[in-house]
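If you read the sequences in order, they're chains A and B. Per this note's numbering, the first sequence starts with residue 25, numbered consecutively. Per this note's numbering, the second sequence starts with residue 540, numbered consecutively.
Since the hints were derived computationally from the structure, they do not count as laboratory data. All values derive from a computational prediction rather than experimental measurement. It is possible that some hints are incorrect.
[What the hints assert, rightly or not] With a Cα cut of at most 25 Å, we get these calculated DSS-like pairs of lysine-lysine: (1) A:Lys72 with A:Lys276; (2) B:Lys821 with A:Lys39; (3) B:Lys559 with B:Lys600; (4) B:Lys605 with B:Lys758; (5) A:Lys84 with A:Lys310; (6) A:Lys173 with A:Lys234; (7) A:Lys72 with A:Lys47; (8) B:Lys722 with B:Lys709; (9) B:Lys709 with A:Lys39; (10) B:Lys559 with A:Lys47; (11) B:Lys559 with A:Lys43; (12) B:Lys600 with B:Lys821; (13) B:Lys722 with B:Lys758; (14) A:Lys205 with A:Lys234; (15) A:Lys234 with A:Lys206; (16) A:Lys366 with A:Lys310; (17) B:Lys600 with B:Lys588; (18) A:Lys47 with B:Lys560; (19) B:Lys605 with A:Lys43; (20) A:Lys39 with B:Lys758; (21) B:Lys682 with B:Lys722.
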Amino acid sequence: QMGLAENQLCLDLIKEWIKENPKASVCTPEGVHQFSDIANFQDYHGLKEFRQAIAHFMGKARGGRVTFDPERIVMSGGATGANETIMFCLADPGDVFLVPSPYYAAFDRDLRWRTGVEIVPVHCSSSNNFKLTVEAVEWAYKKAVESNKNVKGLLFTNPSNPLGTILDKDTLKNLVRFVTKKNIHLVVDEIYAATVFAGENLVSVAEVVKDSEVNADLIHIVYSLSKDMGLPGFRVGIVYSYNDSVVSCARKMSSFGLVSSQTQFMLASMLSDDSFVGNFLMESSKRLGIRHGVFTLGLKKAGINCLISTAGLFVWMDLRHLLRVRNSFESEIELWHIIIDKVKLNVSPGSSFQCTEPGWFRVCFANMD
Amino acid sequence: QMGQAENQVSFDLLESYLEKKNPEGSLWESKGSRGFRENALFQDYHGLKNFRQAMASFMEKNRGGKARFDPDRIVLTAGATAANELLTFILANPNDALLVPTPYYPGFDRDLRWRTGVRIVPIHCDSSNHFQITPEALEAAYKTARDANIRVRGVLITNPSNPLGATVQKKVLEDLLDFCVRKNIHLVSDEIYSGSVFHASEFTSVAEIVENIDDVSVKERVHIVYSLSKDLGLPGFRVGTIYSYNDNVVRTARRMSSFTLVSSQTQHMLASMLSDEEFTDKYIRINRERLRRRYETIVEGLKKEGIECLKGNAGLFCWMNLGFLLNTNTKEGELELWDVILKELELNISPGSSCHCSEFGWFRVCFANMD
Chain A
25 QMGLAENQLC
35 LDLIKEWIKE
45 NPKASVCTPE
55 GVHQFSDIAN
65 FQDYHGLKEF
75 RQAIAHFMGK
85 ARGGRVTFDP
95 ERIVMSGGAT
105 GANETIMFCL
115 ADPGDVFLVP
125 SPYYAAFDRD
135 LRWRTGVEIV
145 PVHCSSSNNF
155 KLTVEAVEWA
165 YKKAVESNKN
175 VKGLLFTNPS
185 NPLGTILDKD
195 TLKNLVRFVT
205 KKNIHLVVDE
215 IYAATVFAGE
225 NLVSVAEVVK
235 DSEVNADLIH
245 IVYSLSKDMG
255 LPGFRVGIVY
265 SYNDSVVSCA
275 RKMSSFGLVS
285 SQTQFMLASM
295 LSDDSFVGNF
305 LMESSKRLGI
315 RHGVFTLGLK
325 KAGINCLIST
335 AGLFVWMDLR
345 HLLRVRNSFE
355 SEIELWHIII
365 DKVKLNVSPG
375 SSFQCTEPGW
385 FRVCFANMD
Chain B
540 QMGQAENQVS
550 FDLLESYLEK
560 KNPEGSLWES
570 KGSRGFRENA
580 LFQDYHGLKN
590 FRQAMASFME
600 KNRGGKARFD
610 PDRIVLTAGA
620 TAANELLTFI
630 LANPNDALLV
640 PTPYYPGFDR
650 DLRWRTGVRI
660 VPIHCDSSNH
670 FQITPEALEA
680 AYKTARDANI
690 RVRGVLITNP
700 SNPLGATVQK
710 KVLEDLLDFC
720 VRKNIHLVSD
730 EIYSGSVFHA
740 SEFTSVAEIV
750 ENIDDVSVKE
760 RVHIVYSLSK
770 DLGLPGFRVG
780 TIYSYNDNVV
790 RTARRMSSFT
800 LVSSQTQHML
810 ASMLSDEEFT
820 DKYIRINRER
830 LRRRYETIVE
840 GLKKEGIECL
850 KGNAGLFCWM
860 NLGFLLNTNT
870 KEGELELWDV
880 ILKELELNIS
890 PGSSCHCSEF
900 GWFRVCFANM
910 D
């Protein structure tokens with residue numbers, strides 16, 4: 025089961041914390057005295073302690089290099105809800121968002137379905153290890169504008185899904201300057217922020233937003249606990265915007281996807297526990313690194329290379345040499361079926377991520393024992 | 540604080556259940572880490588099976604067993620707010636309309652219209668017949684929409700009604716369904732207050748009407764919205780559902796629910812609670828009883844002051860008539876009076892105009908939200 029990008033490596037740590045802190049649950053004898061207040065709480069601002077704890081956690085997940093303002097934290101139904109909400113806030117039906125490919129397959133649904141927004145891909149290629157460049161974005165922007173499209177912004181996931189790579193600081197800064205120049209929005213989905221297990225630290229867009237050449241009103245972050253903490257079931261999505269109007273609008277829209285107050289309450293407690301969080305982030309990173317190492321080594325022994333990556337819950341595997349017909353998506357799908365049926369591994373074909381080169385596959389390594 | 544339709548009368552029942560049964564603790568005490576792990580990872584938009592079963596069972600109990608609910612037709616959303624919006628996205632296109640009887644829950648203006656681009660065309664109801672929907676009012680609303688070249692996609696009612704605090708009569712429901720069949724449109728029944736009817740026998744759910752219909756083309760137009768926010772007083776937990784007799788709607792709603800799933804932690808805890816039949820039977824009975832008593836107390840009290848309320852039999856509020864106190868029989872007159880009540884009496888009640896009531900001077904007073 026390597027198709028699902030889940031992080032199952034540190035659930036034991038979370039479970040242990042919960043067992044040791046029964047007061048963090050309003051449904052245990054120890055915590056039930058808080059039940060009625062919490063059960064009744066449906067304010068779309070969210071529990072203050074929850075917002076503070078999330079802001080704090082987000083900062084720690086970025087090595088303390090940035091701080092986040094709890095007043096800018098807005099809830100949503102998972103990152104799925106957050107991405108859709110930010111589209112509703114920033115764009116009208118028919119407007120365009122540029123999204124570097126390969127990209128998370130569900131963006132086609134999340135960003136477009138009910139919003140009517142269009143995705144114009146910024147194609148990245150293996151020739152430079154799929155690195156996102158400002159030139160590529162500029163070119164895609166120019167082409168879109170020439171075809172009379174109304175480009176509202178650029179959206180990308182950093183660390184990248186499916187690549188597992190992180191964007192270098194210079195490119196990030198230049199992209200931020202680019203959007204400022206063109207007066208379009210930038211949404212960075214940092215859902216994999218704490219999955220960096222090697223190499224350089226993640227440079228969050230939050231670190232460059234204070235630059236003088238940046239119009240902060242254009243910068244927005246999507247976050248979630250689904251990947252960093254492995255809690256997709258709890259539906260904790262966050263919209264974080266440096267733009268007051270967007271915060272206000274997203275907050276009102278959050279009525280359509282609030283986080284259960286029961287869950288807010290528990291996480292407020294858990295994520296304010298500094299020693300737990302510190303240990304968790306460190307252990308998680310370590311375990312991911314080990315898994316990644318074992319995995320890529322094993323693949324290498326089988327003559328399979330992966331894109332060099334330092335984050336994420338997956339690797340981007342190069343199977344181009346195994347395609348029956350080179351450069352053919354049909355062959356990619358054939359190969360995919362063989363892997364699923366014969367080898368019984370659930371991996372995801374590059375075409376499902378809008379990759380323009382056949383033969384790449386995403387394999388998840390953090391989702392089973 | 541009588542402005543908010545919250546149900547705080549039965550929290551003690553919930554708390555004592557939790558203390559005794561500790562449904563959350565059982566998840567973490569489970570052998571190995573499977574229980575907790577599975578739950579934390581569970582993001583399947585079908586929802587936890589045992590939770591859907593528990594919801595179906597609870598919905599059946601609320602209707603005194605007069606209708607059956609299939610757990611596979613239950614789609615979970617984060618609150619009725621999301622359920623109503625989601626259904627609107629599915630059933631209508633931007634600029635289409637839903638017909639909604641007045642007075643209606645003010646939140647509909649946002650929930651049904653904001654991001655969907657769908658319009659609301661009101662079905663005007665008045666006190667001459669206790670604000671019940673008449674066939675004439677239905678036809679008039681439909682014609683208003685058609686005259687403006689607006690395509691009508693459905694009728695959306697709240698039963699029991701917010702803000703009236705009264706159930707919709709069976710005959711009216713049957714007429715409504717006939718109307719929807721004739722016009723080839725949908726019928727959405729928001730039954731969020733179904734467990735808050737003082738006497739169970741007085742509530743007819745649209746589900747009961749559908750039970751006795753074999754014609755699939757009729758059944759397929761009917762969709763029910765439910766939530767635990769009012770009956771169980773758990774608005775914070777964000778538990779809403781869409782129940783549809785239409786397979787396509789169920790399928791699409793399920794996919795769309797990805798944007799608004801219910802926390803698996805909450806699903807698990809409530810699955811436990813709502814499958815405990817001894818608990819739910821007791822809860823439903825006592826909750827109804829307490830709401831009824833509160834209602835009677837407040838109506839009596841108001842009567843002594845010469846204030847009449849609409850005869851109600853459900854919900855967390857009563858519909859009070861202060862028309863005789865208005866300086867002018869206008870919206871301004873009503874808002875003036877409201878201002879006085881807010882400032883001098885410090886009572887937070889809701890003016891009828893915020894509910895699009897076509898008569899002035901009516902106010903909604905909530906009675907279940909404080910001690």
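Against the structure, the hints:
Of the supplied pair hints, the one linking A:Lys72 and A:Lys276 holds, its CA atoms being roughly 16 Å apart against a limit of 25 Å. Between B:Lys821 and A:Lys39, the direct Cα distance comes to roughly 33 Å. Violation of the 25 Å bound is thereby established for this hinted pair. With a C-alpha separation of about 23 Å, the suggested pair B:Lys559 and B:Lys600 falls inside the 25 Å cut-off, and the hint holds. Taken as a hint, the B:Lys605 and B:Lys758 pair is honoured in the structure, with Cα atoms around 17 Å apart against an allowance of 25 Å.
Restraint check: the Cα-Cα separation between A:Lys84 and A:Lys310 comes to about 16 Å, which is no more than 25 Å; the hinted pair holds. Annotation: proposed proximity of A:Lys173 to A:Lys234 is violated, straight-line Cα distance about 30 Å (limit 25 Å). A hinted pair counts as satisfied when its Cα atoms are at most 25 Å apart, and A:Lys72 with A:Lys47 qualifies at roughly 18 Å. Taken as a hint, the B:Lys722 and B:Lys709 pair is honoured in the structure, with Cα atoms around 20 Å apart against an allowance of 25 Å.
Annotation: proposed proximity of B:Lys709 to A:Lys39 is violated, straight-line Cα distance about 50 Å (limit 25 Å). Using a Cα cut-off of 25 Å, the hinted pair B:Lys559 and A:Lys47 holds, with the two alpha carbons roughly 15 Å apart. A distance of roughly 18 Å separates the Cα atoms of B:Lys559 and A:Lys43; the hinted pair therefore holds under the 25 Å criterion. Between the alpha carbons of B:Lys600 and B:Lys821 the distance comes to roughly 11 Å, so the proposed pair stays at or under 25 Å and holds.
The suggested pairing of B:Lys722 with B:Lys758 holds, with an alpha-carbon distance near 14 Å, which does not exceed 25 Å. Of the supplied pair hints, the one linking A:Lys205 and A:Lys234 holds, its CA atoms being roughly 16 Å apart against a limit of 25 Å. Straight-line distance between C-alpha atoms of A:Lys234 and A:Lys206 comes to about 18 Å, which keeps the hinted pair within the 25 Å bound. With a C-alpha separation of about 32 Å, the suggested pairing of A:Lys366 with A:Lys310 is violated against the 25 Å cut-off.
A threshold of 25 Å between alpha carbons decides the hint, and for B:Lys600 with B:Lys588 the separation of about 18 Å falls inside it, so the pair holds. Note on A:Lys47 and B:Lys560: the hinted pairing holds, with a Cα-Cα distance of about 16 Å set against a maximum of 25 Å. With a CA separation close to 42 Å, the supplied pair B:Lys605 and A:Lys43 exceeds the 25 Å bound. Of the pairs offered as hints, the one joining A:Lys39 and B:Lys758 is violated, with about 45 Å between alpha carbons and a cut-off of 25 Å exceeded.
For the hint linking B:Lys682 to B:Lys722, the alpha-carbon distance of about 11 Å falls within 25 Å, and the restraint holds.
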